[in-house]
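Asks: Take a look at the letters that make up each chain.
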Amino acid sequence: MLTTLDLIGTAAFAASGASIGVYKRLDLFGVCVVGVTTGIGGGITRDLLLGVHPPTALDRWPNFVVALAFSLAVFLLHPLMGHVQSVVLWLDALGMGVFATTGAATALHHDAEWWAAILIGAITAIGGGVLRDVLVNEMPLLLHRDLYATPALLGALIVVAFELWSVPYPWGLVAGTVIATALRMAALTRGWNLPSPPQWGRTS
Amino acid sequence: MLTTLDLIGTAAFAASGASIGVYKRLDLFGVCVVGVTTGIGGGITRDLLLGVHPPTALDRWPNFVVALAFSLAVFLLHPLMGHVQSVVLWLDALGMGVFATTGAATALHHDAEWWAAILIGAITAIGGGVLRDVLVNEMPLLLHRDLYATPALLGALIVVAFELWSVPYPWGLVAGTVIATALRMAALTRGWNLPSPPQWGRTS
Amino acid sequence: MLTTLDLIGTAAFAASGASIGVYKRLDLFGVCVVGVTTGIGGGITRDLLLGVHPPTALDRWPNFVVALAFSLAVFLLHPLMGHVQSVVLWLDALGMGVFATTGAATALHHDAEWWAAILIGAITAIGGGVLRDVLVNEMPLLLHRDLYATPALLGALIVVAFELWSVPYPWGLVAGTVIATALRMAALTRGWNLPSPPQWGRTS
Numbered sequence: 000m001l002t003t004l005d006l007i008g009t010a011a012f013a014a015s016g017a018s019i020g021v022y023k024r025l026d027l028f029g030v031c032v033v034g035v036t037t038g039i040g041g042g043i044t045r046d047l048l049l050g051v052h053p054p055t056a057l058d059r060w061p062n063f064v065v066a067l068a069f070s071l072a073v074f075l076l077h078p079l080m081g082h083v084q085s086v087v088l089w090l091d092a093l094g095m096g097v098f099a100t101t102g103a104a105t106a107l108h109h110d111a112e113w114w115a116a117i118l119i120g121a122i123t124a125i126g127g128g129v130l131r132d133v134l135v136n137e138m139p140l141l142l143h144r145d146l147y148a149t150p151a152l153l154g155a156l157i158v159v160a161f162e163l164w165s166v167p168y169p170w171g172l173v174a175g176t177v178i179a180t181a182l183r184m185a186a187l188t189r190g191w192n193l194p195s196p197p198q199w200g201r202t203s
Numbered sequence: 000m001l002t003t004l005d006l007i008g009t010a011a012f013a014a015s016g017a018s019i020g021v022y023k024r025l026d027l028f029g030v031c032v033v034g035v036t037t038g039i040g041g042g043i044t045r046d047l048l049l050g051v052h053p054p055t056a057l058d059r060w061p062n063f064v065v066a067l068a069f070s071l072a073v074f075l076l077h078p079l080m081g082h083v084q085s086v087v088l089w090l091d092a093l094g095m096g097v098f099a100t101t102g103a104a105t106a107l108h109h110d111a112e113w114w115a116a117i118l119i120g121a122i123t124a125i126g127g128g129v130l131r132d133v134l135v136n137e138m139p140l141l142l143h144r145d146l147y148a149t150p151a152l153l154g155a156l157i158v159v160a161f162e163l164w165s166v167p168y169p170w171g172l173v174a175g176t177v178i179a180t181a182l183r184m185a186a187l188t189r190g191w192n193l194p195s196p197p198q199w200g201r202t203s
Numbered sequence: 000m001l002t003t004l005d006l007i008g009t010a011a012f013a014a015s016g017a018s019i020g021v022y023k024r025l026d027l028f029g030v031c032v033v034g035v036t037t038g039i040g041g042g043i044t045r046d047l048l049l050g051v052h053p054p055t056a057l058d059r060w061p062n063f064v065v066a067l068a069f070s071l072a073v074f075l076l077h078p079l080m081g082h083v084q085s086v087v088l089w090l091d092a093l094g095m096g097v098f099a100t101t102g103a104a105t106a107l108h109h110d111a112e113w114w115a116a117i118l119i120g121a122i123t124a125i126g127g128g129v130l131r132d133v134l135v136n137e138m139p140l141l142l143h144r145d146l147y148a149t150p151a152l153l154g155a156l157i158v159v160a161f162e163l164w165s166v167p168y169p170w171g172l173v174a175g176t177v178i179a180t181a182l183r184m185a186a187l188t189r190g191w192n193l194p195s196p197p198q199w200g201r202t203s
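Chains as they are written, first to last, in numbering that gives the first Met the number 0: chain S, 0 to 203; chain U, 0 to 203; chain D, 0 to 203.
In short, the hints are calculated from the structure, not lab data. You may find that some hints are simply not true.
[To be verified] In silico DMTMM-like cross-links for lysine to aspartate or glutamate, where the CA-CA straight-line distance does not exceed 25 Å:
no. : chain 1 : residue 1 : chain 2 : residue 2
1   : S       : K23       : S       : E137
2   : S       : K23       : D       : E137
3   : S       : K23       : U       : E137
[What the hints assert, rightly or not] So the derived label-pair ranges between C-beta atoms look like this:
no. : chain 1 : residue 1 : chain 2 : residue 2 : range
4   : D       : A185      : S       : L163      : 55 to 63 Å
5   : D       : S165      : S       : L75       : 35 to 43 Å
6   : D       : L163      : S       : M184      : 41 to 49 Å
7   : U       : Y22       : S       : V166      : 40 to 48 Å
8   : U       : P169      : D       : T3        : 38 to 46 Å
9   : U       : L163      : S       : V64       : 19 to 27 Å
10  : D       : S165      : S       : M0        : 38 to 46 Å
11  : D       : R24       : S       : P61       : 45 to 53 Å
12  : U       : P61       : S       : A185      : 28 to 36 Å
13  : U       : P167      : D       : H108      : 35 to 43 Å
14  : S       : A160      : D       : H108      : 39 to 47 Å
[Claimed, not checked] Residues from chain S that face chain D, not an exhaustive set, calculated with beta carbons under 8 Å:
no. : residue
15  : V32
16  : L47
17  : F63
The beta carbon of each residue, even a glycine, is placed where N, CA and C say it ideally should be.
With the hints as extra help, turn the sequences into a complete structure.
Replies: Here's what the structure looks like:
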């Protein structure tokens, strides 16, 4: 279950990274590097924080192969996607939801405190996207104006809460993923966002 | 002592990160993400280098809560700070001094060589600020023209030297922090900096 | 052998980082920070992935001293280098080839899977340069249009293949380094690169 969800999230993030690489007019390898980094970056960050050496996403070939395959597919097929850009944002939301819950669950399995598990889940969900945006020299999406980190924290929180309440295993993963993804999608489609800094007659 | 100093440095760095987030017109979450990342980023980097899993700054809630509280305070109160920007630079200098010495002391407690302890102290002091500047897509302050890394290296060196000479425990921390912070403040107020590359009739 | 190659790669990368720092008009410390980070960044990334704490490049002073010495040399002597910029690109190619093979060999010595060893070799070869480009706020060279990651992957693959086929120890390192460096140099001098994304009447 954890492994399958992990691959789904990897594929979604890799496709989002490769799409941005195509938009930036990178060549074949550049597109694949951004796609693979985005796909496996969150998992590598999680494993570094938890002390899993070498990181699972490098040590098991399916993660890399899935990330590479989806990057290549985007490279070849992107002209057909044109108006499918929204599909990528939805896949990205799915990947975020998946990684928030699998990250938190993995942290709990490594005996992290519940507090650390929530933060590590959120970092796993966010890490790949931040690496992507830093690589292509953009200010990370995470910092822009729609809910991104809030759903990630909520998904991780649900996994930890279900574990503390001893809800049988896969329900926390399912509930956390669904709720985090749905909240992010709702924020995207309805333009929800958080308030800006207050302004009281300020210049600059 | 180490823990208290760590929280002081976290608060100072978080406030500096949140201020830059406000200046970049990020929303509530963006400001908090930059603030928290800046506040706990140096400590996470230190723990990754020393193999402390999961990193202390994630595993203990006070660090996160302090970083979040100071980010929120800056978000809400920044219009009152206007001319207090220099206060932030001074707090940043204090955070740098604190993290240089606590980073070096933590490295020594983990049996790092004295050589590695100096470098890890400096990386701890510098790491949060570099993460902050990379997140908001600016060239790191560290690379700009005033003394930044020199005081950090000096503070870490003092901790290591006091340890080698068997000076009783907290004096190295106190002396290193005070001297590193004072040197950075002096550099800021007096415009000290290091020489630029020599130019002998060079174009470009 | 591994240690000597490591120092050669460190020196080459440090010189390339310092040259970019000079080009960006940083001061003495900025140039040294970029140079040292580029020189030892790949090795630190490798050791973080493999769980070597503290990282070898921080724990052994020769790496740091070599990186610092070559950064200082570039800072002082760059006006004499003017037309020697191509020398830097060739040194960078050498550093990439060296780190790809030593990274893969180190990963194998730490019982990484052959699959992980190839990826870790490539990440070691690429890591320092990516850190350099992120620090100076440029889109990483890795993503630009000439073969960069392909030679790194090939060099690491050769080390792993020779190990699997039980070829006596240093031959894999030598063959991998020579072939990776030669391929990168050929790509640079002949303008080889990989195809761009297909375009079928696409706007934007």
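Asks: Hint by hint, note whether the structure agrees.
Replies: Hints, verified against the model:
1. K23/S to E137/S: Roughly 11 Å separates the two Cα atoms, so the pair holds.
2. K23/S to E137/D: 14 Å, holds
3. K23/S to E137/U: Holds, because 20 Å separates the two Cα atoms, which is no more than 25 Å.
4. A185/D to L163/S: 55 to 63 Å: 59 Å, holds
5. S165/D to L75/S: 35 to 43 Å: With Cβ atoms ~39 Å apart, the hint holds.
6. L163/D to M184/S: 41 to 49 Å: For M184/S against L163/D, whose Cβ atoms are near 46 Å apart, the range 41 to 49 Å holds.
7. Y22/U to V166/S: 40 to 48 Å: Cβ of Y22/U to Cβ of V166/S: about 44 Å, so the range 40 to 48 Å holds.
8. P169/U to T3/D: 38 to 46 Å: The hint (38 to 46 Å, Cβ to Cβ) holds, given that P169/U and T3/D are roughly 43 Å apart.
9. L163/U to V64/S: 19 to 27 Å: 51 Å, violated
10. S165/D to M0/S: 38 to 46 Å: 40 Å, holds
11. R24/D to P61/S: 45 to 53 Å: Since R24/D and P61/S have Cβ atoms about 46 Å apart, the given range 45 to 53 Å holds.
12. P61/U to A185/S: 28 to 36 Å: 33 Å, holds
13. P167/U to H108/D: 35 to 43 Å: Holds - the Cβ-Cβ distance for P167/U and H108/D, about 42 Å, lies within 35 to 43 Å.
14. A160/S to H108/D: 39 to 47 Å: 43 Å, holds
15. V32: 6 Å, holds
16. L47: 6 Å, holds
17. F63: Status holds, d = 7 Å.
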